[in-house]
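Going line by line, the protein sequences match chains F and P.
So for the first sequence, our numbering puts the first residue at 25; every next one is plus one.
So for the second sequence, our numbering puts the first residue at 1207; every next one is plus one.
In case anyone wonders, no lab produced these hints; they're calculated from the structure.
Keep in mind that this is a model prediction, so the values were computed, not measured.
A couple of the hints might just be wrong.
In silico lysine-lysine, DSS-like type, Cα no more than 30 Å apart, as pairs [to be verified]:
1. P:Lys-1219 x P:Lys-1279
2. P:Lys-1279 x F:Lys-41
3. P:Lys-1279 x F:Lys-26
4. F:Lys-26 x F:Lys-109
5. F:Lys-41 x P:Lys-1219
6. F:Lys-152 x F:Lys-163
7. P:Lys-1411 x F:Lys-41
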Amino acid sequence: MKIGVLALQGAFIEHIKMLEGLGATAVEVRLPEHLEGLDGLIIPGGESTTIGKLAVMYDLMEPLRQFAMEHPVWGTCAGMIFMAKDVGADQPLLGIMDIVVERNAFGRQIDSFETNLDVSVFKNGQGKPFPAVFIRAPKLVDAKGEATVIARLADGTAVAAQQGQWLVTSFHPELTGDDRFHRYFLGLIGK
Amino acid sequence: MKENGQNQPNSFKVKAGLAQMLKGGVIMDVVTPEQAVIAENAGAVAVMALERVPADIRADGGVARMSDPGMIKEIIASVSIPVMAKARIGHFVEAQILEALGVDYVDESEVLTPADEEHHIYKHDFNIPFVCGCRNLGEALRRIGEGAAMIRTKGEAGTGDVVEAVRHARTVLGDIRRLQAMPDEELMSYAKNIGAPFALVKETKELGRLPVVNFAAGGIATPADAALMMQIGVDGVFVGSGIFKSGNPAERALAIVKATTHYNNPKILAEVSENLGEPMVGINVSSLPESEQLATRGW
């Protein structure tokens, strides 16, 4: 399996290490031609404004949208913002998922935190909570249509969702030693 | 606002994690909200809010201190990206003030006049993360031992001369390569000799890199400078005086952002380096007397 990781800016190396640990081939994607032959794509955490601008400047927006129509794509943190249709601000977005996202929704860095989450799609036989790291994180204000919330904080705030082959998380599974989200994403390929 | 009773706020993972998200990016010095907006629009991953860029601190002389909180608040209000600010080496009260303002990262910086000639801030006491400068592995690991969640080269700020940033990055990365070749029984002596905590020496050997993100800083003025530092092996770059002391800040900022992403693509580097106008006027570091070298501050 060959998985691309959007490498315009952010924590892409951590995703690459996780994928390689699971036996997948990981490819850094910086230009449209790097999407060729990939089975899926991860859009990492970073600054969504930086990633969006670089994607526009290097003509990646349409190729990324087209790729997403045919393949699984997973966005973590900034990647979740980038995949949303609505973030309530004027910045470049892929706008593919029917979700409304609020940036920096928990506050500034001093409000960043770690917590344990129950993830609904992991329930069968592997019910231990997932260690989630939230860094200046966005939250899901709304998931519409086909988009389904798959994890919430104890207070009910939605922080992960799935819509068909698309996955988004407010937090950073790539910064933990827990590879269940990466396994789950690889499982979406070829479905 | 801690939303969840079971969370553990502001662990080292959370502090170091923000730096992970800044990787492959450019952090820009800004002195006004207008400059902060220009930086954000050019694709900066964060801004460093300060009253004077290092080139002006160097020219003005006198004591350089933490910036006015009013000005830092205005910059925080003007952008959606993280805002960093500088505290003097050892001045933990300036750092407390920056934390109270909601600054996302404190740079305990040799660019300001040191407040303590022996001790740095004990950074584990804070809920916000710190970045610190270094010239070699021992200095980097001492800062991490004190709680720094991100490291940068010191370089020689305010000169536009990249030579010291190259020296410091090569020294740190070379020290790590030599460490990796050392058998474990030599690590304690090595830790003693470089004045670094043993546990961090061992961890660095195992990881084959610093345990935290490592940026380049000090003298980076062109897209090629940024790409040079990335190819040498740092995780991202700080640009201080190099942008807003140049002829065309918006375009230069954008070009340095592009060069940091496409650091391994000479064709793109050639494109982005075209027609940028005047770079900042540089100072050759070898012409600076040691008393004027900021990199020698810090212990």
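Checked hints:
With a CA separation close to 26 Å, the supplied pair Lys-1219 of chain P and Lys-1279 of chain P stays within the 30 Å bound. Between the alpha carbons of Lys-1279 of chain P and Lys-41 of chain F the distance comes to roughly 38 Å, so the proposed pair goes past 30 Å and is violated. Of the pairs offered as hints, the one joining Lys-1279 of chain P and Lys-26 of chain F is violated, with about 45 Å between alpha carbons and a cut-off of 30 Å exceeded. At most 30 Å may separate the alpha-carbon atoms for a hinted pair to count; Lys-26 of chain F and Lys-109 of chain F meet this at roughly 27 Å.
Of the pairs offered as hints, the one joining Lys-41 of chain F and Lys-1219 of chain P holds, with about 18 Å between alpha carbons and a cut-off of 30 Å not exceeded. Using a Cα cut-off of 30 Å, the hinted pair Lys-152 of chain F and Lys-163 of chain F holds, with the two alpha carbons roughly 23 Å apart. The suggested pairing of Lys-1411 of chain P with Lys-41 of chain F holds, with an alpha-carbon distance near 18 Å, which does not exceed 30 Å.
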